[in-house]
Amino acid sequence: MDVIRLDRRRFLKVASAGVFGTGLILAMSWDERFFVNAAGAGSSKEFQPNAWLKIGTDGSVIVYTVESEMGQGPYTLMPMILAEELEVDWQDVRVEHAPLKPVYGYQSTGGSSSIRKGWATLRSAGAAAREMLVSAAAQQWNVAHEECYASQSRIVHKRTNNILGFGELALAAAALPIPGKVRLKSPDEYRVLGTAVPRLDIPQKVNGNAQFGIDVDLPDMLFATTVHCPVLGGRPESVDDRQTKKIPGVQAVFAIDNAVAVVAEDTWAAMKGANALDIEWNEGPNRRLDSKKIRAQLQAAARAGGMVTTRHGNVSRVLKTGNTIRASYDLPFQAHAPMEPMNCTAWITDGRCTVWAPTQSPSAAHGVAARYGLSKLTKYKDKVARRLTREKLEAVEVNSTLLGGGFGRRLEQDYVAEAVQIAKAVGKPVKLTWAREEDIQHDFYHPYTFHLMEGSVDASGKPSAWWHRMAGVGDPGAADLPYAIPNVRIEVTGVDIDVPTGPWRSVSHHYYAFAKETFFDELARLGNQDPLELRLALLRDPRLRGVLELAADKAGWGKTRPDNQFLGLAVHHSFGSYVAEAVEIAMDGKDRLRVPRVVVAIDCGIVINPDIVAAQMESSVVFALSAALKGAIALENGRVQQSNYHDFTILRLDEMPKVETYMVKSTESPEGIGEPGVPPLAPALANALFAATGKPIRSLPIDKKIFVQSV
Amino acid sequence: MVRYTLHVNGQEYEVETLDDTPLLWVLRDRLKLTGTKYACGIGACGACIVHVEGEPVRSCMVPAHSVKHKAIITIEGLSSDLGHPVQQAWIERQVPQCGYCQSGQIMAAAALLKDNPNPTDAEIDEAMAHVLCRCGTYQRVRDGIRLATKLIKEQA
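Each protein sequence line maps, in turn, to chains D and F. The first sequence runs contiguously to residue 711 in my numbering. The second sequence runs contiguously to residue 867 in my numbering.
Think of the hints as simulated: they come from the structure by calculation, not from any bench. Ideal Cβ placement from N, Cα and C applies to all residues, glycine included. Treat the hints loosely; a few may be bogus.
To be verified - Quick list of in silico lysine to any residue cross-link-like pairs, SDA-like style, CA-CA up to 25 angstroms:
1. F:743 <-> D:265
2. D:658 <-> F:828
3. F:825 <-> D:204
4. D:428 <-> F:828
5. D:424 <-> D:323
6. D:245 <-> F:713
7. F:861 <-> D:249
8. D:658 <-> F:833
9. F:743 <-> D:248
10. D:246 <-> F:727
11. F:743 <-> D:249
12. F:861 <-> D:424
13. D:630 <-> F:836
14. D:320 <-> D:698
15. D:246 <-> F:774
16. D:428 <-> F:741
17. D:246 <-> F:712
18. D:245 <-> F:825
19. F:861 <-> D:660
20. D:246 <-> F:731
21. D:658 <-> F:857
22. D:246 <-> F:825
23. F:861 <-> D:198
24. F:743 <-> D:203
As the list claims (entries may be wrong) - Restraint ranges, calculated between C-beta atoms of paired labels, are given here:
25. D:240 <-> F:790: 27 to 37 angstroms
26. F:753 <-> D:151: 49 to 59 angstroms
27. F:829 <-> D:596: 50 to 60 angstroms
Kindly produce the complete structure, drawing on both the sequences and the hints.
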């Protein structure tokens with residue numbers, strides 16, 4: 001939890017005063033836990049006024065981040081926020097992942113929330129340090145505090161131009177009391193925020209030095225892999241490991257949880273050993289589960305009823321008499337498939353459990369490691385809470401590595417539970433690496449959803465009623481309609497189906513926005529309305545209208561295009577940000593589709609780093625395009641049919657559109673950027689196809705072959 | 712089991728492995744050169760690309776002992792100081808996101824430019840089409856290659 005409690009409403013009120021250049025004065029109640037170095041008790045070598053930064057006598061500044069780095073940029077973005085207030089030269093900034101200490105609160109990265117969570121705290125932390133450095137310099141020069149200012153890692157005395165570097169002042173600053181008030185900058189004063197500073201993690205990612213979870217190496221370490229029942233929910237009945245044990249290097253074979261572990265001297269021997277096992281599986285209750293049956297169950301549930309989440313007017317009455325259309329949407333399971341497969345390294349010795357993992361939640365990993373490594377719990381699916389002693393919790397250490405992609409998959413800690421159990425069994429450090437096939441077939445999938453929609457237009461061609469019922473595996477999520485339609489009813493219903501599901505980049509927004517934005521275009525056509533004009537007429541939120549107009553303008557909506565080129569639009573608000581996308585397609589024949597260009601307009605409030613925002617929009621477009629045009633997950637006989645990148649296909653370089661990102665200039669609070677670019681893509685693409693063919697797209701992936709771009 | 716010598720990044724290593732152990736796993740688990748990555752194991756994704764006698768090779772598909780006595784370069788050996796034009800271009804254009812696929816991207820791009828310092832877009836497509844990136848950095852990979860061709864010309 002945040003220990004500097006900054007009431008969001010109070011922040012916004014004061015922030016708006018700050019827009020006029022007076023900055024933001026914050027009187028804060030300082031919580032003892034915020035500080036690792038209380039005044040006067042400093043270490044002899046550095047200045048660490050709070051948990052978020054450390055300044056060495058050499059002037060280097062380490063910023064601690066609690067966010068997991070999976071490509072979305074927090075290892076650069078979070079230090080930028082602190083650096084702005086600290087007035088440090090960016091060249092002097094280093095970043096380290098914060099240790100799992102209570103002062104940092106619960107560590108978990110997801111929901112595109114990193115910047116929103118850290119915005120107030122990191123600015124305050126940087127400002128407090130800055131003020132102490134100024135005070136230290138002022139004292140040394142025997143001048144007034146107000147006569148000095150901080151800039152580029154130095155304190156400057158205005159009158160004399162005397163300069164002292166942060167490094168020179170570090171120890172003196174460490175002896176000073178923490179200020180009770182700090183002044184935060186207003187956006188017009190920003191020097192770092194809003195600029196494309198180079199990412200701190202990139203150099204190591206171009207020379208092989210970057211250490212992901214799968215790269216961890218310890219002395220005397222063994223290598224393991226696990227195999228799981230190909231039928232979801234099954235478990236090993238008997239294991240014949242005779243062939244496996246013949247393989248030189250294989251050291252052990254045993255069952256853990258619902259899987260079989262093979263431990264060996266290197267990963268290849270472990271995987272070869274796993275392939276040589278002869279396992280009789282108890283396939284369990286799900287061996288007749290298949291995608292067709294799941295669709296049928298969801299369809300039946302959607303027809304039966306749902307819980308109303310949004311209602312106004314009288315949808316049923318208007319639909320009875322109006323000019324209506326009906327649609328149903330069929331959106332399948334999706335896999336995460338990050339390039340780095342699931343893995344975790346663990347070592348249990350002397351009652352201590354140490355874990356290295358590419359996890360999105362070190363705090364969750366900590367709890368799982370304590371439970372499965374240091375007590376008798378064995379089944380990850382057992383969510384029964386167990387009382388863990390303080391000793392057990394303190395005996396666990398979690399080290400966060402870089403992540404080779406996350407997308408929500410690594411919010412689960414099943415690979416941690418397995419690794420610690422293997423470590424417990426072998427008594428040595430063990431690196432567990434899943435084969436890609438296990439990763440694809442034992443995911444926590446983006447859930448299958450089935451939607452029913454019905455809508456009508458009035459005599460003037462404007463939508464008069466909108467009904468949307470969403471059925472999904474588990475909980476399909478709540479929904480909101482931003483269009484001013486007089487009669488609206490949105491309902492959701494969840495179906496209990498024994499397929500593991502979990503958060504997948506943009507979560508319920510992905511399927512909800514697809515149905516919403518494509519159905520809107522169908523209603524627009526029914527009423528003979530232009531999809532852009534109709535949206536602008538019905539959108540109440542000016543920030544939604546703003547991005548829509550920007551995207552349409554940059555994409556050339558309404559301009560004459562070659563006969564085989566079409567444009568589709570969609571707009572959606574998620575994770576605090578507003579995104580509109582215009583997808584340009586070229587039809588070369590009935591089944592040959594090219595996507596030459598995607599225009600993205602985003603309003604994410606204050607832009608921390610525009611290059612990272614653009615990168616996240618490019619990334620989101622590719623992620624969504626893969627789900628729209630390439631692979632999906634299908635079940636048959638309880639088994640996931642796909643197993644690797646040859647049959648769970650993702651977009652390739654030669655299929656990539658040109659993605660242009662336009663950011664709305666804003667002084668509103670900064671919002672999410674990792675996920676908001678995903679929801680509008682598929683519906684914008686489908687709307688372009690609808691414009692091209694007159695046929696609506698109601699299921700994904702779209703049944704068209706995407707072929708190479710001739711740029 | 713087989714015993715043999717591998718030449719990697721200008722150094723010799725004596726190793727003993729199973730006769731089908733792919734080069735990828737010898738590099739990673741024995742030589743501790745973890746820059747070369749495992750992502751699919753079936754040659755479909757390119758994360759494991761290294762140079763064998765200057766040619767790009769998917770190291771997950773090649774038994775290590777079959778390339779004994781051949782000069783192997785991994786991402787770690789591409790330069791000692793981030794000085795390879797592809798690395799410079801990758802930093803300039805801020806190509807990586809999670810970075811896991813980037814060793815393969817860089818090695819594939821470096822091999823392309825060694826043979827063909829001024830590739831057309833179609834030639835870039837052909838060389839890079841099966842080097843996968845789940846983060847979707849392809850636009851920047853392309854830009855990075857184009858910048859690298861400029862840097863190579865300037866440094867020639």
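Hints, verified against the model:
Using a Cα cut-off of 25 angstroms, the hinted pair residue 743 of chain F and residue 265 of chain D holds, with the two alpha carbons roughly 13 angstroms apart. A distance of roughly 23 angstroms separates the Cα atoms of residue 658 of chain D and residue 828 of chain F; the hinted pair therefore holds under the 25 angstroms criterion. For the given pair, residue 825 of chain F sits about 23 angstroms from residue 204 of chain D by alpha-carbon distance, which is consistent with the 25 angstroms threshold. Note on residue 428 of chain D and residue 828 of chain F: the hinted pairing is violated, with a Cα-Cα distance of about 49 angstroms set against a maximum of 25 angstroms.
In summary, the hint linking residue 424 of chain D to residue 323 of chain D is not supported, as the alpha carbons are separated by about 66 angstroms, beyond the 25 angstroms threshold. Between residue 245 of chain D and residue 713 of chain F, the direct Cα distance comes to roughly 18 angstroms. Compliance with the 25 angstroms bound is thereby established for this hinted pair. For the suggested pair residue 861 of chain F and residue 249 of chain D, the alpha carbons sit about 48 angstroms apart, so the restraint of at most 25 angstroms is broken. Of the supplied pair hints, the one linking residue 658 of chain D and residue 833 of chain F holds, its CA atoms being roughly 15 angstroms apart against a limit of 25 angstroms.
A threshold of 25 angstroms between alpha carbons decides the hint, and for residue 743 of chain F with residue 248 of chain D the separation of about 20 angstroms falls inside it, so the pair holds. Between residue 246 of chain D and residue 727 of chain F the CA atoms are separated by roughly 17 angstroms; this keeps the pair inside 25 angstroms, and the hint holds. Distance restraint check for residue 743 of chain F and residue 249 of chain D: the Cα-Cα separation of roughly 17 angstroms lies within the 25 angstroms cut-off, and the hinted pair is therefore satisfied. A C-alpha spacing of about 54 angstroms is found between residue 861 of chain F and residue 424 of chain D, which places the hinted pair above 25 angstroms, so the restraint is violated.
Restraint check: the Cα-Cα separation between residue 630 of chain D and residue 836 of chain F comes to about 18 angstroms, which is no more than 25 angstroms; the hinted pair holds. Of the supplied pair hints, the one linking residue 320 of chain D and residue 698 of chain D holds, its CA atoms being roughly 23 angstroms apart against a limit of 25 angstroms. Distance hint between residue 246 of chain D and residue 774 of chain F is fulfilled; the C-alpha atoms sit about 20 angstroms from each other, no more than 25 angstroms. This hinted pair checks out: residue 428 of chain D and residue 741 of chain F have alpha carbons roughly 18 angstroms apart, not beyond 25 angstroms.
Distance check on the hinted pair: residue 246 of chain D and residue 712 of chain F sit about 12 angstroms apart at the alpha-carbon level, within 25 angstroms; holds. Under the criterion of a C-alpha separation no larger than 25 angstroms, the hint pairing residue 245 of chain D with residue 825 of chain F is inconsistent with the structure, at around 45 angstroms. Only pairs whose Cα atoms come within 25 angstroms are accepted, and residue 861 of chain F paired with residue 660 of chain D is accepted, the gap being roughly 23 angstroms. Taken as a hint, the residue 246 of chain D and residue 731 of chain F pair is honoured in the structure, with Cα atoms around 15 angstroms apart against an allowance of 25 angstroms.
About 15 angstroms separates the Cα atoms of residue 658 of chain D and residue 857 of chain F, which keeps this hinted pair within 25 angstroms; it holds. Using a Cα cut-off of 25 angstroms, the hinted pair residue 246 of chain D and residue 825 of chain F is violated, with the two alpha carbons roughly 44 angstroms apart. With a C-alpha separation of about 21 angstroms, the suggested pair residue 861 of chain F and residue 198 of chain D falls inside the 25 angstroms cut-off, and the hint holds. For the given pair, residue 743 of chain F sits about 20 angstroms from residue 203 of chain D by alpha-carbon distance, which is consistent with the 25 angstroms threshold.
In this structure the supplied range 27 to 37 angstroms is violated for residue 240 of chain D paired with residue 790 of chain F, their Cβ-Cβ distance being about 49 angstroms. The given range of 49 to 59 angstroms is respected by residue 753 of chain F and residue 151 of chain D, whose C-beta atoms sit roughly 55 angstroms from each other. Checked against the hint of 50 to 60 angstroms, the pair residue 829 of chain F and residue 596 of chain D fails, with Cβ atoms roughly 24 angstroms apart.
Checked against the numbered hints above, the structure violates hints 4, 5, 7, 12, 18, 22, 25 and 27; every other hint is satisfied.
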